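Q: So the chains spell out like this:
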Amino acid sequence: MKLPAATAAFGVRTRLVLAFLLVAAVSAVTTAALTYREARNAVLERAQDTAVASFREEAERFVPRLPLDREAVRWELYDIAARSKPHPWIVFAEYASVRVSSGDRPASGVLTAELRRSARTSPRGAFQRVVKDGDAYLTIGMPVMTRVVAGGPAVPSGLVLYAVMSLVNEETDIDALVTAARDGALPGLAAALVPALLAARSVLRPVRELRRAAHSMGGGRLDTRIAVRGRDEMADLARTFNASAARLEHSVRELRDAGTRARRFASDVSHELRTPLAGMLAVTDVLDEDAERLDPDTARAVRLISAETGKLALLVEDLMEMSRFDARVAELNTDEVDAAEAVRRTLSGRRWHERVGTELPDGIRVRLDPRRFDVIVANLVGNALRHGAEPVTVRLSRRAGALAVEVRDHGAGIADTVLPHVFDRFYKADAARSRSPGSGLGLAIVQENVRLHGGTVDARNAPGGGALFTVELPFDGPASREEGSRSGPGRTECAP
Amino acid sequence: MRRRTGRAARLAVLLALAPVPLSGCGIQETEVVEAGRPAVGDLLPPRETRLLLFFHGPDGELLPVPRIVDVPWHSGGSPADGEEADQALSPLAAVTAQLTGPDEDERRAGFRNDSSLPGTASAVDRVVTDGPAVEVRLTTGVRTLTAPARDQLVCTAAYAAHPKGSRPVALAGRDGRLPPADCSVRPVPAPAR
Chain A
1 MKLPAATAAF
11 GVRTRLVLAF
21 LLVAAVSAVT
31 TAALTYREAR
41 NAVLERAQDT
51 AVASFREEAE
61 RFVPRLPLDR
71 EAVRWELYDI
81 AARSKPHPWI
91 VFAEYASVRV
101 SSGDRPASGV
111 LTAELRRSAR
121 TSPRGAFQRV
131 VKDGDAYLTI
141 GMPVMTRVVA
151 GGPAVPSGLV
161 LYAVMSLVNE
171 ETDIDALVTA
181 ARDGALPGLA
191 AALVPALLAA
201 RSVLRPVREL
211 RRAAHSMGGG
221 RLDTRIAVRG
231 RDEMADLART
241 FNASAARLEH
251 SVRELRDAGT
261 RARRFASDVS
271 HELRTPLAGM
281 LAVTDVLDED
291 AERLDPDTAR
301 AVRLISAETG
311 KLALLVEDLM
321 EMSRFDARVA
331 ELNTDEVDAA
341 EAVRRTLSGR
351 RWHERVGTEL
361 PDGIRVRLDP
371 RRFDVIVANL
381 VGNALRHGAE
391 PVTVRLSRRA
401 GALAVEVRDH
411 GAGIADTVLP
421 HVFDRFYKAD
431 AARSRSPGSG
441 LGLAIVQENV
451 RLHGGTVDAR
461 NAPGGGALFT
471 VELPFDGPAS
481 REEGSRSGPG
491 RTECAP
Chain B
1001 MRRRTGRAAR
1011 LAVLLALAPV
1021 PLSGCGIQET
1031 EVVEAGRPAV
1041 GDLLPPRETR
1051 LLLFFHGPDG
1061 ELLPVPRIVD
1071 VPWHSGGSPA
1081 DGEEADQALS
1091 PLAAVTAQLT
1101 GPDEDERRAG
1111 FRNDSSLPGT
1121 ASAVDRVVTD
1131 GPAVEVRLTT
1141 GVRTLTAPAR
1151 DQLVCTAAYA
1161 AHPKGSRPVA
1171 LAGRDGRLPP
1181 ADCSVRPVPA
1191 PAR
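Each protein sequence line maps, in turn, to chains A and B. When the letters of the first sequence are read in order and numbered with my numbering, they come out as residues 1 to 496. When the letters of the second sequence are read in order and numbered with my numbering, they come out as residues 1001 to 1193.
Think of the hints as simulated: they come from the structure by calculation, not from any bench. Hints are supplied without guarantee of correctness; some may be wrong.
Label pairs and their computed distance ranges (CB to CB) [claimed, not checked]:
1) R83(A) to G1141(B): 49 to 57 Å
2) T1146(B) to E114(A): 27 to 35 Å
3) G1141(B) to E57(A): 31 to 39 Å
Nothing here was measured: the structure is a model prediction, and the numbers come from that model. Glycine included, each C-beta is placed from N, C-alpha and C at the ideal position.
Full structure from sequences and hints, please.
A: So, in structure tokens, the structure goes:
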């Protein structure tokens, strides 16, 4: 027997590996994302704080004479721009309607209206990050307040200085962070594969063992046990399996013993009955012969006893035959015969050759047990004559490497409810008619004999009415392989 | 079947959530963020060589505009300390200059007087500084002055009479006297942070 393949598309291994990878991916991505965010904010905050502080410092160093003289202020702005920190910035000055810058344009397109409003209305420095055309800028608004007396309080002067600083360097740094996070996460994912595969292995190995053991038990080796390793759930499962296997083995052994005892009892009973029956048969034969000389009532009783005794002897014979099958001691005594000749002999031996139509092509030679073949044909024909209606026909044919024997009657056929049970022992097709001329074992014996030859027997209703029994005996069955073998195929494994 | 769709739905949610931590890469725009104190410097030129006038900017805001004046130099070569009577820096000179209006540079920078102010320097009669409030007496009416115009006069007179501008100013004219008012541009301690 072959173990079924265990390659499901979403097997435990795949699922475990996927789960591991998912967990690893989630944690790696989360960690990377959080780290990235913190680092990015730190980079940006440092740049912003430095820029704002140094811009304020530079703006305070430069306090222009008011109102502004454009040319003079421009030079001052160049001066502030030259001291940019951390990156070069462009300085814009707005005072009333005066617009001056250290760049080539007096007003900036990057500064937003919100920053302007904030710088004009609130006496506080402010910054805003702006992304324009894909480039990030830091814009700083720095209102200038002037002290009306040295070291004293101050009034808003109306002058606002703006700085626009490119964040290209920070962008580069941050992009490097993304690259680093990705380069760190991918090897992490690859590394997660190793524990995933190990975990899958540690789970799958006991499962595979369990599967093998279950399969082995299914094959009849009930003494199969699993090695218990460790103290985890898998070990629990193995222990449970072992305990169940032990209980199962015990139950099966008990059942088998009981069956054996029952079979031996049946065999013993029939054996014990045979001897007294033989005696009774001898006596009833004598009584039968003398019946004509007895008065009619007694004669009828004597004939009844004689007939019933004969049937009882038949039944006992059949029972013994069955018990031999059950005990697996039935043997094939094979011989090469002509199938048509064998059937003809069976029919004429029972004086049925006039009642039964035949279709027996000559020249089909087959190796089989002649006695058992005789029983098969006789039981089938006898059954057809008893339960079906004439005409009964027997037909022989070759059929795909097998000899086919078809026995057909033209009675009412077999009821559908009965059909599955026709080969059961003592099965009564008609419950009301408990007394049947047969032993009730005929078809069961047919089936056992056919099986012994490695063949099949099949009962069905023929098209056109009547029951049709078909026996197929293979030409290369056990009868041809093992001359005079002890028993049929597949019988050794469960022999007691 | 139901379980299948449930599993598919969970998978879909997971896949949809997965890129969430990844979003927000690069540099994001921000709102305006306040970042500490403004730049604070001394108002130049120093008080000894300037008049502090108050003009309206292009957006109507009232701004202090210093203007250098030629101060007579004394024998020591330094400006006369504490000489309040100095004609060139007196409150009268300041108010006169204020009524004369912005000079060429100041006009080019966008400064202007309120239109309700009398446009002639002779409109100011005198400025009295020895009372509890500085009194600015005009030869014209004062009730016709708009609030921005009054503000300009009040602030100019207050800062001319006091370094920090913390004196109330009463405007008076042909048509009476307005109650004393304070300049709306008050110096505040420079924010430390």
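Q: Take a look at whether the Cβ-Cβ distance between R83(A) and G1141(B) falls inside 49 to 57 Å.
A: holds, 53 Å
Q: How does the Cβ-Cβ distance of G1141(B) and E57(A) compare with 31 to 39 Å: does it lie in that range?
A: Violated, at about 50 Å.
Q: Note whether the CB distance of T1146(B) and E114(A) lies within 27 to 35 Å or breaks it.
A: holds, 31 Å
In the structure shown, a violation is registered for the earlier hint numbered 3 alone.
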